[in-house]
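> Chains as they are written, first to last, in UniProt numbering: chain A, 1 to 244; chain B, 1 to 244.
One should not assume that every hint holds.
Per label pair, the in silico range of CB-to-CB distance [said to hold, decoys possible]:
1. B/Ser53 x A/Val72: 35 to 41 Å
2. B/Phe43 x A/Gly209: 51 to 57 Å
3. A/Met171 x B/Lys215: 55 to 61 Å
4. B/Ser154 x A/Gln133: 50 to 56 Å
5. B/Ile22 x A/Arg243: 51 to 57 Å
6. B/Asp179 x A/Glu174: 18 to 24 Å
Each computed SDA-like pair below joins lysine to any residue, with the alpha-carbon atoms no more than 25 Å apart [unchecked claim]:
7. A/Lys37 x B/Asn121
8. A/Lys113 x B/His117
9. B/Lys240 x A/Pro120
10. A/Lys34 x B/Pro132
11. A/Lys113 x B/Thr13
12. A/Lys37 x B/Thr13
13. A/Lys113 x A/Leu208
14. A/Lys240 x B/Lys240
15. B/Lys240 x A/His46
16. B/Lys240 x A/Thr118
Residues from chain A that face chain B, not an exhaustive set, calculated with beta carbons under 7 Å [claimed, not checked]:
17. Ala9
18. Glu183
19. Trp187
Source of the hints: derived by calculation from the structure; they are not laboratory data. In this text, a Cβ means the ideal position worked out from N, Cα and C, and glycines have one as well.
2 protein chains.
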Amino acid sequence: MRNIKLTLAYDGTAYHGFQRQINAIGIQQVLEDKLAKIVGHTFRIHMAGRTDSGVHAYGQVVNFKTTSTIPVDRIAIASRSLLPYDIVVLDAEEVPDSFDAQYSAQSKIYVYKIYQHTVPNPFLRNLVWTIPQTLDVSAMEEAAQIIIGTHDFSAFRASGGASVSPIRTIMAVECQLQDRILELSFWGNGFLYHMVRNITGTLVNVGLGKTSLEKFKTIFEGRDRKKAGATAPAHGLYLKEVRY
Amino acid sequence: MRNIKLTLAYDGTAYHGFQRQINAIGIQQVLEDKLAKIVGHTFRIHMAGRTDSGVHAYGQVVNFKTTSTIPVDRIAIASRSLLPYDIVVLDAEEVPDSFDAQYSAQSKIYVYKIYQHTVPNPFLRNLVWTIPQTLDVSAMEEAAQIIIGTHDFSAFRASGGASVSPIRTIMAVECQLQDRILELSFWGNGFLYHMVRNITGTLVNVGLGKTSLEKFKTIFEGRDRKKAGATAPAHGLYLKEVRY
């Protein structure tokens, strides 16, 4: 059995998240159904990170085992005529049998995009969170430094995740503003359920002047989800990269 | 009766063009139905330029007459909670009774976007024409100069348009390449049916080296649509601006 690793980009707007579900179409199902036609048998993919309904990816990673002898560079090309245009296989490579998209991952980068404009942009409607106010980016940057390092992230954890431990390590947070789009990027060894969206919602409160730096620190250290800001909407979030 | 001018941006993906139709949803119908709730009566809008199914706009202009006394700046704001997110009223202003979005227009700018990449981008799938080859932009720029001025554009005219005369004046054509997206912008006093898409299809043949500069000139001067390149797909086209 060969082990195939795929790197994917997708617009998550039309899907009920990544995972296969019973009553709704997930990206996993589309991939498994279409790629089965290329390799000639059914299979189950393993994904690096689950993305929720409406969440996008620039670099989701999955792997699957196959008996097919199709050359690996044909998989990406063949997939383009089978997959819908909102899911693209960027790259396919053969990896050692021990590689697992989820368990072999060392770290991930998520990006959250906020569009600051009083007039919404119809072309960005599913791709950013639009906020009419101007955010104080330097205050947000300062607050973001507080979460860097190894901490208990319970304050930003939604119920419903599968993880036991709330301890995660954030290596870096960056804030970049260009053409009215603020990109917050979070590089960490792992993320709890809704963690990026909950951090973003609370950072936006800092950017709006609703939450002081001191308050942000208290919320984070208090480990109580109910004290933090609202969960930022799914459609501003992107799984950018998975590092192995 | 007050005369109201609206400037609109829209993502045309979900609509069967701008014009009201019997068996499909046009942008006109959505606008008329939703804005009627704001002004309190039904009305018909006049549009600057019809856009086909899948064609987008950054600056479509329409006008309509109303008996409503609602302050004009309330119209754009009120529209945002009524219109779907893919249609946005950028601006509303009261104009003299004689203003007509179509007949008062002096010129229009259309932009055509071409994405040059071997890997399609899922976020741009409805917003650009993706071409895997690299285009020779300077050859396209040279060919584009040939159509500047007042000419018979029959070579680039599709059947089905309402205009009698095939004579139009093109003031400028610009080619700008940024982040692998080539933007061709066409500023003219008017455009025949499919004219921008037909010129683009033929210019792309020049960029691919399939059509020489001499051949482009012969096609243009021959006024025979059958000799020109294929019509570029609708979803790369934007009505950028209408000038009065």
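> Broken hints, numbered, in rising order?
2, 12, 14, 15, 18, 19
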